[in-house]
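Turn these sequences into a full structure, and let the hints guide you.
If you read the sequences in order, they're chains S and D. For the first sequence, UniProt numbering begins at 1 and goes up steadily by one. For the second sequence, UniProt numbering begins at 1 and goes up steadily by one.
It is worth saying that the hints were derived from the structure and are not from the lab. All values reported here derive from a predicted model rather than from experimental measurement. Among the hints, a few may not be true.
[Stated by the list, open to error] For the chain S half of the interface with chain D, some residues (derived, Cβ under 10 angstroms), not all of them: (1) Ile19; (2) Gln212; (3) Phe214.
[To be verified] In silico negatives: residues of chain D with every beta carbon more than 10 angstroms from chain S: (4) Arg46; (5) Ile87; (6) Ala131; (7) Val192; (8) Pro222; (9) Val288; (10) His314; (11) Pro358; (12) Pro405; (13) Glu445; (14) Cys557; (15) Leu605; (16) Pro618.
Built from N, CA and C at the ideal position, the CB exists for glycine as well.
Below, each chain spelled out in residue letters.
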Amino acid sequence: MGRYILGRLVSAVPVLFGITVIVFLIMALIPGDPATAILGAYATPENVAKINRDLGLDAPLVLRYFNWLGNMLTGDFGTSFSLNRPVLDEVLERFGATLILAGSAFVLCAVFGIAAGVVSAANQYGAADKAITFAVLLGISIPSFFLGMMMILGFAVTLRWFPVSGMWPIYGDRDLWALLDHLAMPAVALAVVATGVVARLSRSAMLEVLRQDFIRTARAKGVHERGVIWRHALRAAMVSIIPVLGIQAGFVLSGAVYIEIVFQWPGIGRMLVNAILTRDILLVQGGVVFVAACYVLFNIAVDVAQSLLDPRIRT
Amino acid sequence: MTFLRLLARNRLALAGLVVMAAVVALALVTPLLPLAPPNVTDTGNRFLPPFSEGAPLGTDHLGRDLLSRLLWGTRLSLAVGFAAALIAAVLGAAIGIVAGYYRGRIDNVVMRGVDMLMAFPYILLALAIVAALGPGLMNALIAVAAVNVPFFARNIRGITVGIANKEFVDAARLSGLSDARIILTEVLPNVVPVIVIAMSTTVGWMILETAGLSFLGLGSQPPVADLGSMLGEARSALITNPHTSVVPGLMILVIVMAINLLGDGVRDALDPRLRSGALSRPMAATRVDRGDRVPPPADPEAVLALEGLETQFHVGKRVFRAVGGVDLSVKPGECLGIIGESGSGKSVTALSVMGLVPSPPGVITAGAARFRGEDLVGMPYGRLREKRGRSVAYIFQDPLATLHPLYRVGDQLVEAIRAHRPIGRAEGRARAVELLRAVRIPNPEDRVSNYPHEMSGGMRQRVGIAMALANDPDVIIADEPTTALDVTVQAQILSLLDDLRRSRGLAIVFITHDFGVVGQLCDRVAVMYAGRIVEEGPTRAILETPRHPYTARLIDCVPELGQGRRRLEAIPGLPPAVDRLPEGCAFAERCRNARPDCRAGDIPLEREGTRAVRCLHPETHPEREAAE
Ligand code: SF4
Numbered sequence: 001m002g003r004y005i006l007g008r009l010v011s012a013v014p015v016l017f018g019i020t021v022i023v024f025l026i027m028a029l030i031p032g033d034p035a036t037a038i039l040g041a042y043a044t045p046e047n048v049a050k051i052n053r054d055l056g057l058d059a060p061l062v063l064r065y066f067n068w069l070g071n072m073l074t075g076d077f078g079t080s081f082s083l084n085r086p087v088l089d090e091v092l093e094r095f096g097a098t099l100i101l102a103g104s105a106f107v108l109c110a111v112f113g114i115a116a117g118v119v120s121a122a123n124q125y126g127a128a129d130k131a132i133t134f135a136v137l138l139g140i141s142i143p144s145f146f147l148g149m150m151m152i153l154g155f156a157v158t159l160r161w162f163p164v165s166g167m168w169p170i171y172g173d174r175d176l177w178a179l180l181d182h183l184a185m186p187a188v189a190l191a192v193v194a195t196g197v198v199a200r201l202s203r204s205a206m207l208e209v210l211r212q213d214f215i216r217t218a219r220a221k222g223v224h225e226r227g228v229i230w231r232h233a234l235r236a237a238m239v240s241i242i243p244v245l246g247i248q249a250g251f252v253l254s255g256a257v258y259i260e261i262v263f264q265w266p267g268i269g270r271m272l273v274n275a276i277l278t279r280d281i282l283l284v285q286g287g288v289v290f291v292a293a294c295y296v297l298f299n300i301a302v303d304v305a306q307s308l309l310d311p312r313i314r315t
Numbered sequence: 001m002t003f004l005r006l007l008a009r010n011r012l013a014l015a016g017l018v019v020m021a022a023v024v025a026l027a028l029v030t031p032l033l034p035l036a037p038p039n040v041t042d043t044g045n046r047f048l049p050p051f052s053e054g055a056p057l058g059t060d061h062l063g064r065d066l067l068s069r070l071l072w073g074t075r076l077s078l079a080v081g082f083a084a085a086l087i088a089a090v091l092g093a094a095i096g097i098v099a100g101y102y103r104g105r106i107d108n109v110v111m112r113g114v115d116m117l118m119a120f121p122y123i124l125l126a127l128a129i130v131a132a133l134g135p136g137l138m139n140a141l142i143a144v145a146a147v148n149v150p151f152f153a154r155n156i157r158g159i160t161v162g163i164a165n166k167e168f169v170d171a172a173r174l175s176g177l178s179d180a181r182i183i184l185t186e187v188l189p190n191v192v193p194v195i196v197i198a199m200s201t202t203v204g205w206m207i208l209e210t211a212g213l214s215f216l217g218l219g220s221q222p223p224v225a226d227l228g229s230m231l232g233e234a235r236s237a238l239i240t241n242p243h244t245s246v247v248p249g250l251m252i253l254v255i256v257m258a259i260n261l262l263g264d265g266v267r268d269a270l271d272p273r274l275r276s277g278a279l280s281r282p283m284a285a286t287r288v289d290r291g292d293r294v295p296p297p298a299d300p301e302a303v304l305a306l307e308g309l310e311t312q313f314h315v316g317k318r319v320f321r322a323v324g325g326v327d328l329s330v331k332p333g334e335c336l337g338i339i340g341e342s343g344s345g346k347s348v349t350a351l352s353v354m355g356l357v358p359s360p361p362g363v364i365t366a367g368a369a370r371f372r373g374e375d376l377v378g379m380p381y382g383r384l385r386e387k388r389g390r391s392v393a394y395i396f397q398d399p400l401a402t403l404h405p406l407y408r409v410g411d412q413l414v415e416a417i418r419a420h421r422p423i424g425r426a427e428g429r430a431r432a433v434e435l436l437r438a439v440r441i442p443n444p445e446d447r448v449s450n451y452p453h454e455m456s457g458g459m460r461q462r463v464g465i466a467m468a469l470a471n472d473p474d475v476i477i478a479d480e481p482t483t484a485l486d487v488t489v490q491a492q493i494l495s496l497l498d499d500l501r502r503s504r505g506l507a508i509v510f511i512t513h514d515f516g517v518v519g520q521l522c523d524r525v526a527v528m529y530a531g532r533i534v535e536e537g538p539t540r541a542i543l544e545t546p547r548h549p550y551t552a553r554l555i556d557c558v559p560e561l562g563q564g565r566r567r568l569e570a571i572p573g574l575p576p577a578v579d580r581l582p583e584g585c586a587f588a589e590r591c592r593n594a595r596p597d598c599r600a601g602d603i604p605l606e607r608e609g610t611r612a613v614r615c616l617h618p619e620t621h622p623e624r625e626a627a628e
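Structure follows, in structure tokens:
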């Protein structure tokens, strides 16, 4: 097991390396120069040259890349000029908020998606199956940002069940209850699409498994149908559901950008959008690399979970 | 053509198509409609509610007509979404075809890059690209297209690799055609349908993604608006004037939903498994639909008795009569063999007993299966489940497929016990070890914690037998338990079953296609053909003097000892399809004794002492009969 994890971690190194190259290349293609963007009205040639020297932008491309990479490895992601603070500090702080949001949405989509898929498959072509199939279709078709806005309108403004936006109350304690109160709507809005996708896939994975011989064996030995579905079929179906959960984690992380904007959640997505609008390149670079790296690591965790579940690949 | 018909039969997909066509048509004619100019502000008329005069959907925060902006915005969103899909498809397909066709180094490098790009959550990549190019609709389009290129590239590469290895491509290569020609004339035509399907399932996403970027303010820039930026601009007035948000939001929902419906329809119409019903889920027990035609009980001595059992498969309008009225019985301690070719209905007969025939499509349409006089057919599920494994247990053919791959064999044994009575952890484990020992598995203490894939075929089948024994059943139905095993292991398993039968007084129903096996184990044998019993009687008598011509041919197929295997295909011809059974004897086509009267009408199973045969002109054995 330890060797397996180690192997997966080692194999992630080139991927992480590739990610930095891609991000760096995209950013290096920027038309116009960041110095002008930073200086705005003060962009005299001398100032531009000075900034370029400060940012190391006068060096050749390859050298610049390795400088940047080397700095990042020592934890120096540079300084955000628009916020005037170290990129890493800002990214870490914001990422914490995103993790809370995306993490809860991910748990929601996994639990409800799989449950809906299983129920749907177990009642194939029945009323529950049809209702779930329709709900799933609606769920995967609705833009999450629109859904979020409608939820604000319905549950926050009209019904007053939840606060309109933000992560913490402006006045009052920052306790778990306050957090959950603020988290509920954005987490649900974010989870809906992924739940639909997971439900769909779980349904077809279950249908595939339910036709297999070992299901007949379970029935033949007298296992109750509940056990057949939830213990035998689901366990086997998880083998194909888990990789999809890994992919959905990426979608949840992506969707978080919209949801953070709609609900004013102080996460990394909102930070990135603002950074793009203010052309704060270092902040964009740092944020993207950091989140992508976390995603790669998460996918390794998914693979490990997969190997725990399936003894056949654990070698 | 069938594709279009299937699509048309799917009403939801059709609805999606109609809605989509309407939206596209509306977008196309928008410039011709007498609409207010979409981008002219009129601050005197800000936030008019819907159904206002001159503004059917109201106006936005700058007093612009919402209907007009909606239609122009839809036009823009559709154009951008389709354009992005097209660009992604063309680029992705080009990359995928080149990588898949040339393989080798190019393939390696390209696919590494694709994997790398797919390691990003898509929005990060899109954001990075927009960050580099600057906000704007064109740049958002490029970003969305770029993000989706890897997806197309990977899919198309997979297809291309498959095609590039086909003979016709080799032939084209040998005939000296250039690679470019081959790609264009041989590969591309085969890839295009896949591209179209991939596009139909992703274009909805592309529209959502571009709308999303616009919503963030990174796509279309004011005053021009697509649906996403309309929604983004309306957000600040969400609470005071929700209609400005609802209008564009609903439009996106409708478009994406229509595309998804259509995409699902296209995918389903192309999926052969859906067409054949191979994706339907078998229910907990076989469906029973026999009206009130329940035969009266017979044979009080039998532990298990089938009476006039009929099981059919209903696929679409076709009816396959897999089992067409079977009567059989076993007494305690007796071994009954059921023999026949594959498709003769012997397995379906066996599975019908405990309601294990997959349904749909299986239906038990007549007859009864009595365990100690109690009818198992049509028994409520709860009671049937209690009998499964405890009264009648099964051993199946291929133990690799029939054991759950992800549970330890010990746990699977314990589960079999626990299905019928509560049992603690330690006791369960002890009992599992005991069962494994009973089927002569060496080192049972270690073997309990093995997974099925860690065992040999013979060992796995012993586990299968142990599982059948777990609850001390009265009857074991063994469905070709030795077919997947090699000869020596086969002999061991047979002698194990025979010992168990003698020591425990088990009744065994043994299903096989091999008369050699029947001879070693069974007291009595029933021969099945096309869903019916054609001959039945004591094994010795039938082996020595088979009456039915089919039985005789089957016996001829048994390999002499040491001559290796001979298979049943040695009988010329095939059994008839059970949805088109001929009039009269089903074996007539292949029978050497056939005469015209054989095809005239139904032939009854004639009983004579301990034997029964369904034949008008049975084989005769003058020399042997004289000897008796
Ligand atoms: S009934 Fe006629 S055709 Fe059928 S097996 Fe007997 S002899 Fe052959």
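A quick look at each hint next to the structure:
1. Ile19: Because about 6 angstroms separates Ile19(S) from the closest Cβ in chain D, which is inside the 10 angstroms limit, the hint holds.
2. Gln212: Cβ of Gln212(S) sits 7 angstroms from chain D, so the hint holds.
3. Phe214: holds, 5 angstroms
4. Arg46: holds, 20 angstroms
5. Ile87: holds, 17 angstroms
6. Ala131: Label violated. Min Cβ-Cβ 4 angstroms, cutoff 10 angstroms.
7. Val192: Fine: 26 angstroms to the nearest Cβ keeps Val192(D) off the interface.
8. Pro222: holds, 14 angstroms
9. Val288: holds, 16 angstroms
10. His314: Nearest chain S Cβ is 15 angstroms from His314(D), so the label holds.
11. Pro358: violated, 7 angstroms
12. Pro405: violated, 7 angstroms
13. Glu445: holds, 19 angstroms
14. Cys557: Given a closest Cβ separation of 27 angstroms, the condition holds.
15. Leu605: Its Cβ never comes within 10 angstroms of chain S, the nearest being 29 angstroms, so this holds.
16. Pro618: holds, 37 angstroms
Checked against the numbered hints above, the structure violates hints 6, 11 and 12; every other hint is satisfied.
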